[in-house]
Amino acid sequence: MKNYIIRRLLQIIPVFLGILFILFFIVDRAPGGITSNIMDPKMTPELKAALKAKLDPDLPFYTKFWNWLVQAAQGNFGFSQKHYRPVLDVIKDNIGCTFALSLIAMIFSMLLGIPAGIVSATKQYSHLDNFLTVFSLIGLALPTFFLGLLLLKVFAVDLKWLPSFGLSDPKLANAPFLTRLGDYAYHLILPSLVLGLAETASFMRYTRSSMLEVIRSDYIRTARAKGLSEKVVIYKHAFRNAMIPIVTLIGFRIPGLISGAVMTETIFSLPGVGKLAVEATTTRNYPLLIGINAMLTLTTLVATLIADLLYAAVDPRIKYD
Amino acid sequence: MNKKLLVSALSSVLALSAMAGCSNQTAQTGGEGGTTTAQGEQTLRFGVSGFEGVFDPILSDNVYDSYVTSLIFEGLVTNDPTGEAVPKLATWELSEDNLTYTFTLKDGITFSDGTPCTAEDVAFTYNTIKEPDYAGPRTAVGAAIADIKVIDEKTIAFTMTDPSPANLLNNFTYGIMSKDHYAHSSFEELAALNDQPLGTGPVVLKGWAAKQYVDMVKNENYWDPEHALKIDGVLFQNVEEDAILAALQNGEIDFCQPAAKAENVEAVEGMDNSHLVSYLANGYTFMCFNTTKPTLSDVRVRQALVYALDRESFLQAEYGSDQLVSLGMCPVSPTSWAYPDVSDLNAYSYDLEKAAALLDEAGCVDTDGDGIREMNGEPMHLRWLVYPEATWPGTLSGMAYDSWKQIGVDLEIVQMDFNTVAATTMDAEPGQKDFDIYTMGFSLSIDPDPTGGLFDADAYSAGGFNASGFRDERSQELIKQGLQEFDQDKRAEIYKEWAARQNELVPTLIVAYRSEIWGINNRVHGLDDIGVYTDFTQLISNVTLD
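Protein chains in written order, with the working numbering: chain A, 152 to 472; chain B, 864 to 1409.
Any given hint might turn out to be false.
The calculated BS3-like cross-link candidates involving lysine-lysine, where the alpha carbons are at most 25 Å apart (straight line), are [stated by the list, open to error]:
1. B/Lys1017 with B/Lys993
2. B/Lys1012 with A/Lys193
3. B/Lys993 with A/Lys233
4. A/Lys304 with B/Lys1124
5. B/Lys1156 with B/Lys1217
Here are some, though not all, of the chain A residues that point toward chain B, as calculated from beta-carbon distances under 8 Å [to be verified]:
6. Asn188
7. Pro192
8. Lys205
9. Pro208
10. Lys311
11. Ser315
12. Ser319
If you are wondering where the hints come from, they were derived from the structure by calculation, not from laboratory data.
All C-beta atoms, glycine included, are put in the ideal place defined by N, C-alpha and C.
Use the sequences and the hints to build the structure in full.
The structure is reproduced here in structure tokens:
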């Protein structure tokens, strides 16, 4: 097990470097640069070229790649040219909200989706199952922007129960910690509901189909034949095996915790990594784009490893050495 | 059990985000942290998205950060509602050779920390732009200024590189920075002070959080009691376009600038708590022809294409309201004193027959009977670059596709993102600009001088703004004359002739002049004078709240 983890961690290094190398190559080939969207006629081509030489010197992409690696090793992940601030600071400003929003949405969707999937599978074709199936299909089919704007209209505009935008009330910036915490929660209710509903549906579908497969297998029949109660059969014997595909699903969702949700962030005017990445692309702010992608790549690689380790935890048949 | 787990998980997550969220706050509260909000505090709340936290007058590069810097800082001069330069921090005198401006600072100017603002601070601000490692967006200002000389504590002389009547408004409206506060030994050190602004303006920054808010309060040490803030503060709240009208209607914000669309006008006019302010903006949308292509180098072909474009229907289809847009005529905005008499301009009203006749006259006819005209053996096949960030280029090119087909012109619409269009048209080397037509919008500065812009033949280069490659000697002569003449009436005549000439030769068609709209809550007084040359920051000392 220990050897396996070490081996996997070592494997991450070349994969990470490879992906970054490709990223630098693509960025190098992309049309337009940091000065392309300066629309000031007083900025003559010479002045623009001089500015670009300072902000983004004309170097081969492999040199830029190497320079980035050397600086990253010293904890410097580049300078965001539009913000005139270190990339790490800009990401830090946005990642807190993204992480909180996604984690709440994920926990909410797991707590709701997995039990609903189990119930749905054990009572297959019952009214409850049909209801949950229809509900989850609606959840999957409803576009986020539609659901978001709908909830915004109902709860923020018509009922005025919840705020329509933002993460916090600026007037509480110096309030005690707990007050601020409550304020964040108050602002995140709607966005996390919107983000969580779609995921609830997908967790439910996966759990249901996985559970159905397990319930039909021989050892479940054996367990029932032994005279075990239905509760024990489902929750002790079937559930653990049915969890394996769910663990994969959770593993896939971990990078999502920091990659952000552009739609939800936009509708509810929240700071977030998703929107930041889009802005970095449209403004050709390459250091920021590379910083965000490097972070996402690393998280994805580590999350896959964690998912693999979780397999062993839920399924004793899987052993690593 | 599960419930407990959930609660503790949620609170730890929130704690994380709370820590991340407050990281900015600690940096700028600067001793004033204790003043928590009293009930009934009068704060003007602006709903806006897009501020980046670059609150430095010589580094801010977007309009929202610039709003913040114009509130916190003041420049030597500003402009009045008609677009004329007027003194702000200083009065000025221009030398006989039109090259040297001598500014005299007003009495008693202090920064918000109480220290006096002197000629040394002015010199510091402009010298910082001229530093070799300065990598901000004001390098053009640095290049326009040849020499800076401090004469005494209140007097400073700037010698310009070239004389120009546009020098004053182009270069001397930027905020003056405190030399003590902004002392730096490298560009990075200067940039690190971006979110700790210190200027002479009527407000000071209290705190801000990225993509959330910018919290500003009254400058209690403001030097000019006549223009001191009547309210307690100004708060920018990050609200995206999707939710901005909901926030206005809810009373969560006091004013905002929604996109100038008919449905937004209707929505604001339908609100009982808010009202609408609209005005024609100083800018235009345009459609540029690559005149280095043999077919498009013929003025009759360009005119024919414009005649065959039903712009009136386009404006109706795209904006749905006459209140918000008018037909583009020439590269000067109707808001300017340099706008020509409309009778001197051709509106190119939709006329397919005239278009066909012009093409025939140019020798562009269908010789092989395939429905597409040829010119010198080349079929009339045009590539139009369209970016999806705005909807109007798609609408316009779609209409052109249909109507041009009727006059035997084949159009290919090529989609690429905004920066790629800019890179293909403006950034590419002359001769390698791979397009026939592209469309974009452009905002103008107050002074109508077109040097370096879309219509200046000398700006046809890699990175220059003229991608059409069109050169007309008379137009170039007029542009030069416009900069040598300091009498505004005489200048106006020069630009009127120039503008009418562009309207006739159409190297680039001005598609439309557009309006801007603001939704303002009825509890706000003093903001209704927002206009084309007056942004809300210039009105801030008039604002009162119910």
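Taking the hints in turn, this is what the structure says about them:
no.: 1; hint: B/Lys1017 with B/Lys993; in the structure: holds (21 Å)
no.: 2; hint: B/Lys1012 with A/Lys193; in the structure: holds (24 Å)
no.: 3; hint: B/Lys993 with A/Lys233; in the structure: holds (20 Å)
no.: 4; hint: A/Lys304 with B/Lys1124; in the structure: holds (20 Å)
no.: 5; hint: B/Lys1156 with B/Lys1217; in the structure: holds (22 Å)
no.: 6; hint: Asn188; in the structure: holds (6 Å)
no.: 7; hint: Pro192; in the structure: holds (4 Å)
no.: 8; hint: Lys205; in the structure: holds (4 Å)
no.: 9; hint: Pro208; in the structure: violated (11 Å)
no.: 10; hint: Lys311; in the structure: holds (7 Å)
no.: 11; hint: Ser315; in the structure: holds (5 Å)
no.: 12; hint: Ser319; in the structure: holds (6 Å)
Violated hint: 9 only; the structure is consistent with all others.
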